[in-house]
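A.B. asks: On the provided structure of chain A, position chain B as indicated by the hints.
Protein chains: 2
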Amino acid sequence: MGAYEIDEWALVKTSLDPEGIGSEESLFTVASGGLGLRGDHEEGDPSFHRGTYLNGFFEQETINYGEIAYGYAENHQTMLNVPDAKLFRLELDGHPFSLKLARIDRYERRLDFRSGELVRMVTFTLASGAVAELETRRLASFARPLVASFRWSLRLTEGCAEVSVFTGIDGGPRNLTAADDPRVGAKFSERPLIPTRLEVAEDGGLVEARTRRSGLAMACAARIRAWRTGVARTEGERGTTMKLGDSFFCVRRASLSAGEELVLEKAVAYRWGLAGDEGRDLAVEAVAAADSASEAGYSALTAEQRRELDSFWRDADLFVDGSAEIRQALRFNLFHVFQAAGRDGRTSLCAKGLTGEGYQGHYFWDTEIYACPIFTYTRPDLARSLLAYRHSILDAARERARVMSQRGALFPWRTIDGRETSAYYPAGTAQYHIDADIAYAVQKYLAASGDGAFAEKEAAEIAVETARLWAGLGRYGEDGLFRIHCVTGPDEYSALVDDNAYTNLMARNNLRWAACLVDSLPQAARESLGSAVGLRDEEIEGWRRAAGAMAVPFDPVTGIHPQDDGFMNRPDWDFAGTPREKYPLLLHFHPLVIYRHRVLKQPDLVLAEFLLSAEFSRAQKIRDFRFYEPRTTGDSSLSHCIQSVMAAEIGDHGKAYDYFLKTVRMDLDDVHGNARDGLHLAAMAGSWISAVYGFAGFRDYDGRFSFDPRLPDDWKGLSFRLAVGGGRLGVELSRDEVRYSFEVDRKETRGSLTLFHRDTEFSLAPGKHRVFSLKRQLRAVLFDLDGVITDTARLHYLAWKAEVDALGLKFDEKLNERLKGVSREASLGIILEANGLEMTASERIAIARRKNERYVASLDVLTERDVLSGVRELLAGLRVHGVSAVLTSASKNAPRILERLGLSKEFELVVDPSSIVKGKPDPELFLRGAELAGAYRLDCVGIEDAQAGIDAIRAAGMAAVGVCGEGGPELIGAHRSVKSLNELTVEHLERLLESIR
Amino acid sequence: MGAYEIDEWALVKTSLDPEGIGSEESLFTVASGGLGLRGDHEEGDPSFHRGTYLNGFFEQETINYGEIAYGYAENHQTMLNVPDAKLFRLELDGHPFSLKLARIDRYERRLDFRSGELVRMVTFTLASGAVAELETRRLASFARPLVASFRWSLRLTEGCAEVSVFTGIDGGPRNLTAADDPRVGAKFSERPLIPTRLEVAEDGGLVEARTRRSGLAMACAARIRAWRTGVARTEGERGTTMKLGDSFFCVRRASLSAGEELVLEKAVAYRWGLAGDEGRDLAVEAVAAADSASEAGYSALTAEQRRELDSFWRDADLFVDGSAEIRQALRFNLFHVFQAAGRDGRTSLCAKGLTGEGYQGHYFWDTEIYACPIFTYTRPDLARSLLAYRHSILDAARERARVMSQRGALFPWRTIDGRETSAYYPAGTAQYHIDADIAYAVQKYLAASGDGAFAEKEAAEIAVETARLWAGLGRYGEDGLFRIHCVTGPDEYSALVDDNAYTNLMARNNLRWAACLVDSLPQAARESLGSAVGLRDEEIEGWRRAAGAMAVPFDPVTGIHPQDDGFMNRPDWDFAGTPREKYPLLLHFHPLVIYRHRVLKQPDLVLAEFLLSAEFSRAQKIRDFRFYEPRTTGDSSLSHCIQSVMAAEIGDHGKAYDYFLKTVRMDLDDVHGNARDGLHLAAMAGSWISAVYGFAGFRDYDGRFSFDPRLPDDWKGLSFRLAVGGGRLGVELSRDEVRYSFEVDRKETRGSLTLFHRDTEFSLAPGKHRVFSLKRQLRAVLFDLDGVITDTARLHYLAWKAEVDALGLKFDEKLNERLKGVSREASLGIILEANGLEMTASERIAIARRKNERYVASLDVLTERDVLSGVRELLAGLRVHGVSAVLTSASKNAPRILERLGLSKEFELVVDPSSIVKGKPDPELFLRGAELAGAYRLDCVGIEDAQAGIDAIRAAGMAAVGVCGEGGPELIGAHRSVKSLNELTVEHLERLLESIR
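Protein sequence lines, in the order shown, are assigned to chains A and B. Be aware that the first sequence starts at 1, since it is given in this note's numbering, and climbs by one per residue. Be aware that the second sequence starts at 1, since it is given in this note's numbering, and climbs by one per residue.
It is worth saying that the hints were derived from the structure and are not from the lab. It is possible that some hints are incorrect.
Computed Cβ-Cβ distance ranges for the label pairs, DEER-style [as the list claims (entries may be wrong)]: (1) A:626 <-> B:476: 21 to 29 Å; (2) B:587 <-> A:189: 25 to 33 Å; (3) B:892 <-> A:481: 27 to 35 Å; (4) A:859 <-> B:807: 33 to 41 Å; (5) A:843 <-> B:807: 27 to 35 Å; (6) B:476 <-> A:859: 40 to 48 Å; (7) A:908 <-> B:548: 53 to 61 Å; (8) A:859 <-> B:556: 35 to 43 Å; (9) A:843 <-> B:892: 18 to 26 Å; (10) B:574 <-> A:809: 53 to 61 Å; (11) A:190 <-> B:574: 37 to 45 Å; (12) B:574 <-> A:702: 32 to 40 Å; (13) B:476 <-> A:905: 47 to 55 Å.
Residues from chain A shown here face chain B by an in silico Cβ test under 7 Å; the list is partial [what the hints assert, rightly or not]: (14) 63; (15) 64; (16) 67; (17) 70; (18) 71; (19) 405; (20) 475; (21) 498; (22) 566; (23) 569; (24) 570; (25) 571; (26) 588; (27) 589; (28) 596.
Positions of the beta carbon are idealized from the N, C-alpha and C atoms, including for glycine.
In isolation and in its complexed conformation, chain A is listed as follows (with noise of 0.2 Å):
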């Protein structure tokens, strides 16, 4: 954990590092939602920058293009920091106090995430000998909106000193200003914030100010009390307050012997809204608030947010048995998550939370693809809040919708206070999927929450406005495909793309959602529906049409689906000729250079098979990881997780913890390097999606709970508990086994959960529970033909020698070696390559056809006598087992064999090699025949001769067994390796699955 000790409940520095201050003051952010204060130290120094803010408090800035154009943008919009409270100053003998320069005998920073508080302590010895002990203290209240409580105390424990610390609140914070780097930097012409009204008292005083573009105000009221211990509590020596310039600054001073101790309270409150609101006296509401903190008192304040905070960690944390380091990690991501969330139905969740200025304090599409689903699932009622902030937006959406010349809503890419402000249309405007987005993630929360409320008003509305985006925005091509053009997907290394293959997915999971929310509505909330956004039924058919026809590109020749329509035109990225330094891409060449390749900021279409989860066969989902993972640059700090849940999915758990250690330790780590400028909120949820989508497998598609669960090779266990059907769903895995249980919290009639483990449905009633073994049991054997039942090579290498040779081509021994386990297609492309010879479609496939013809006409010399020893036996034995037999084939003429041999009736099953995409080495034909024998993947036995077989087998999750022959080649990833299958009994399979973990 770097500089950071270990602590499963707490991030702790024990010393002081003026080079890394900027990321630790991002890390020691204490939030509340509403209010952010950055974990600067007290006395200013050392700083990287001092940080308040305001969840939704913003100003504008008129954005300048070099070149406008109709319907760009037309302001920037940036979070203030805000008038700063945090300052204390100290000084000791008439000297002001600096970490940087004071003789420190011990320091310690801790982040508690139980208690919410960020605790400093410092002992040092002051130059006259005495030695004092400094603690501070601070929170932001999660009880009370927009309020801070501090506690700042020194002790002489040696000597005394003359000590004076003024504390108050600093009018003077500016925003960053604008670096090269386009994701950081505000773009003030002008001071953003204008103090309209400052006033002191003996214990505190206010300020008021005004933004001076975006008609916003704020007021920021502090109480302080001061009082000595010691040898007796007394208050503290009366102090001055005093005014200076935009500031304020109370001035406490006391003469203190060993064992005395000045101790100040501060409690602080802000208030904003808009200006000129008459309804409102911002001042008033804070100067109340900061008195009722104050008249509480600081450790008043530690409980109530210490009973938030314990209510949260019941429903939300994950306990991973195996790793302290990694239990803190994890706590500490959703412990800033849960902080950064906006509360108040009108507040979202910045990219980087309330723990710096990065992105300008905008909500993207973070929040509901990264976020939301953490509280839906642990804080419904936090999901249901950060939604209804997007229906709150919905007329800026529509408005939006209009200036794009389309229908319905559209949401903006980047904003505050719901209107657009990226001022890159290519990446922002043109990210058209952030409606599917948000429409997911109200499906989402809908489906687990189960909130008729919501379903009927807010999410109905999202739903409509939506669906007609996306049936206006596509159009029917010729060959009947509704087709999507000239947008940019989540991977914004591609951009003006027709058919982004995300954005049509998920296009097309928004229509089906909104047409079958709007059906399942009760009359009345659908004749209300109606009136509010004048839905007729024609509407909705076409949003179903629009979707049934949707659009998804597939390229046949890999078997993938391609990002978008040209994305396999395009050439792949030099990443062997880009060197570390290059990176992130987007810092180093020019937009046109990275669009014009294959490479990815973030891969989008595997984000989409994960949200999408059903809708894609896992051999589908192995092949688009596969050509996707080495495409990705991962520049983008939202891949990391997801590709370490589908890395899970498909069985690469190397590749899944490797992904989820990058995610989880992101900011911990600064991997990005620009930790400083806020932490990133998406990659931290992302850890807790990374544990519970990928090592526990929770899929949750369309309404459908289900888990696979996969648990890292080092961890011994992983619990949590999600909030679904009323209650809270308790998932305890171990290595062996996993138990669901189900807990509701009165006792209400409740209904049972129904849930899948891997395929198996089940129900659990309210307080039951359910154990699952995980295993590995023999279930299914998948043979090959040629090379394990008979010998049909021979006949294969005569038939095409005999058609080769007939065209005057190469063909001997060694060229027929390469063509084991591989199609006729595929084969006779192997043959023309060696020979450098191109031909036409039509002439491969008359060639294809003599060939089989002859192989064909050759296999009526089978019989009986062909099969290969040691197969009858082991295929009765299987019998005897009630292990199903299958057989997995890329010949076409495997039917045909099996009768000549007279096997057809030991095999259950021989799967059809015509209905799949891809022949080995992908996994697909494997994966098919364990599905059709209706065995999970992990407990079936492959039997292969060839390594594309091999391959394919290991691909597909199974224990793979290699026929090697007399003297033939290795193969390579074979579990086991045999000559005949003479050495295989359903004893030694049982065995060999029970070995692999």
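C.D. replies: Just chain B now, with coordinates in the frame of chain A:
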């Protein structure tokens, strides 16, 4: 000609029109390539925007991007409005003279194309009853760089008056500020031109200034002389000279009586260069030039100017016999193009010339593609100078290529000093085609001029660096094609596309030309080039390979070249639903909305087919023109002239003339409503292109000069001269013939000129001429088969009927009618569509094959008796007259049928329908027939019985005879209809041809 008088050699206006004053100021500009003076009134009122410009003199300012990224252009560049010498303020009896307030008796302004002067005469009556004649004259000298001369006189014809006149240099002009239209408006945050010196003398003064950021300085000196005439010529009363802010004014006063005249002459000289260039004293240079011009006097400068223009018109005049209006408009355009071209090899031709501030005085591809042809063929010295400018910025283009991760040189899309200044890269830097455009202009210049010195140095370097750009930018796809990804073509309504056809075609030309040029260099030049640019032989091989493999999108369904790879997938723009006021689209729709549709700002594929004329068949050009034209908005002023040329080429003479009128009158009629911001120089040049390439059918592909004249209906003739082969080629077109002559200036030994009239090659020795008739002469008759030669229609019907019945589908005589003249595959498509059925390609192939087998089998019943009446007689007649008989049937069975009919020997040619891309109604079959017969298309008659056939014949430009049979449907568009060929003789056909224009 709207508000202007018709005068063949001048633009004349006799009324004052304060509303239209902006466009008038642009139209009345006088300029010399280096210095431009807008046509603003001397008194300053009424005025839209007074302007004085120095070509290449600009200020820069950092481009503010809403969101910046790597490699974006850094600075705006703006041609500056420099201190104004045009101002003459007049006071009469103490009252300022104003055109708006004065009692005007006569008003005339005249821009004289032969003297280059702007002359104004105003007669007005004073309050006192006195009558005065004001005459002002100005010119921007071609002979004296950056010198302007003014003559101002006031004569009293009645009464008397106290006259004061003020003139000097107004140091205060500013550029127009930014508006909402991205095409105009400067972006200065501070005053860009800082006065550094102001000196006055009794008879003139000097202004110096420097730019704030671009590092340039300028000086402007004026010398004023004044005198009175009338009784006796005397010097005017000595006046005073005064400084006023950054300006100075000389004042001259006189008491004038009837018959007396006050005259002022002012000579002004500008100089500019790098600020701090110790080698130059701009002030001294300017003063010397002004003194020299002043000493020579206004009339001497007029004489110089007239000599320059006489020479220009001798070479460049386009004489249209038939319309004085058109003559005036063409000369007006040529005059302005001549005025606009930079002449020093360091400046080019601004998009608006020096007539206004639109496009900020930037140079675009307009220069090379639209203006250079004029100069290449009329003033090669100016063409060389414009191309030398591109060579002068080659280093900047190399640096730009480096930033864009490319090799070679990438010329800026828009620039003044050579650095990219396009602030919107999707319609800026992404237009890589500018490299090929420049190469193309150089190639054409070399072919026409034979300028060996330029070829060896400047041209060769440009060739190498542009070819390198393309070789590095493209990639070989898996299909072996060389593809260029993520670029924008000239049509800016599609952006960031793959394989833009224009770009790829022009890049291919660029690569081939560069390889040829380098290979053709003399050894010494080749070595010197090699050391200058480090050229390797493999590189040149690479260019040839890339050119040979260049991808050019083609759509087999429509037979057209899609503008780019994805173009055919996009939906058409809703033209019907777009009201007039929503054009130009770019001002009313977001780029995403425009890019998403098939809608063109200008037809770039059609442009490529013009520029690379010989690479496309006529049929291809017809298809493409017809496909793109209805999808083209013409929002770009560059589109009309190209549409005109290509409409002329494909034989649509009405459209050719309509588009010509749009381009020739664009600014005179203020078609785009923005002539006030400057004239559309490329469109003006386009009127020459339209006449020479369009109506005279000139083509100069790859150094081969050819003509295919087609005069507009209301013109009697067209004459012009082209500079080629070291002399002047004269072309004189009348309605019936064309005369080509070749003259050389000096009696040096010149070789003959090789030319093509249509497809006829011929040579012209110096001093010789050659005349060709343009009348139609019968050369070939093209026959359809079914229904014209014999009646197999019944056999087809029966074969289809049997096949379709077997499928259980509907088929009847009515449906059969639609199959006439239609190919087998297309016929099946029609049948399936009528039955609402879809089939796979292989099913279709099988059915079509079976139908054909049935049909072919049934052909055996045909005999010689089945030849329709009149056929043999007509064929015999054709043979006698030496006219080719060609069979142009869509039937693949035609040869077999002819054989059965005993007609095989009667036909000179049978066109193989499988050799063409598109069947009837596409003209390809007929054009191919004419081509094979060696007959010019206008000399052919086609005979058809189906509407699709008649349409095809008409599209081919041939005379069409329709065979209607008894009571058959009327064939629309046939020039003559017959019941059978009995009615036709060769003489009939000859007369038919003669009767058709």
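A.B. asks: Given a hint of 40 to 48 Å, does the C-beta separation of residue 476 of chain B and residue 859 of chain A actually sit inside it?
C.D. replies: Because 42 Å falls inside the window, the suggested range holds.
A.B. asks: Taking the closest Cβ pair, is residue 570 of chain A under 7 Å from chain B?
C.D. replies: holds (5 Å)
A.B. asks: If you check the beta carbons of residue 626 of chain A and residue 476 of chain B, does the distance land in 21 to 29 Å?
C.D. replies: holds (24 Å)
A.B. asks: Between residue 476 of chain B and residue 905 of chain A, does the C-beta distance stay in 47 to 55 Å?
C.D. replies: holds (53 Å)
A.B. asks: Restraint: residue 596 of chain A near chain B, CB-CB cut 7 Å. Satisfied or not?
C.D. replies: Because about 4 Å separates residue 596 of chain A from the closest Cβ in chain B, which is inside the 7 Å limit, the hint holds.
A.B. asks: State, for the Cβ atoms of residue 843 of chain A and residue 807 of chain B, whether the hinted interval 27 to 35 Å holds or is violated.
C.D. replies: holds (29 Å)
A.B. asks: Does residue 70 of chain A pass the interface hint, meaning its C-beta sits closer than 7 Å to a C-beta of chain B?
C.D. replies: Constraint on residue 70 of chain A satisfied, holds at 6 Å.
A.B. asks: Double-check residue 589 of chain A for me: the hint is only fine if its C-beta lies closer than 7 Å to a C-beta in chain B.
C.D. replies: Constraint on residue 589 of chain A satisfied, holds at 6 Å.
A.B. asks: Restraint: residue 67 of chain A near chain B, CB-CB cut 7 Å. Satisfied or not?
C.D. replies: holds (4 Å)
A.B. asks: Measuring from beta carbon to beta carbon, are residue 190 of chain A and residue 574 of chain B in 37 to 45 Å?
C.D. replies: Taking Cβ atoms as reference, residue 190 of chain A and residue 574 of chain B lie about 44 Å apart, which means the hint holds.
A.B. asks: Against chain B, with CB atoms and a cut of 7 Å, does the hint on residue 571 of chain A hold up?
C.D. replies: holds (4 Å)
A.B. asks: Let me know if the C-beta of residue 71 of chain A comes in closer than 7 Å to any C-beta of chain B, holds or violated.
C.D. replies: holds (3 Å)
Of the numbered hints listed earlier, not one is contradicted by the structure.
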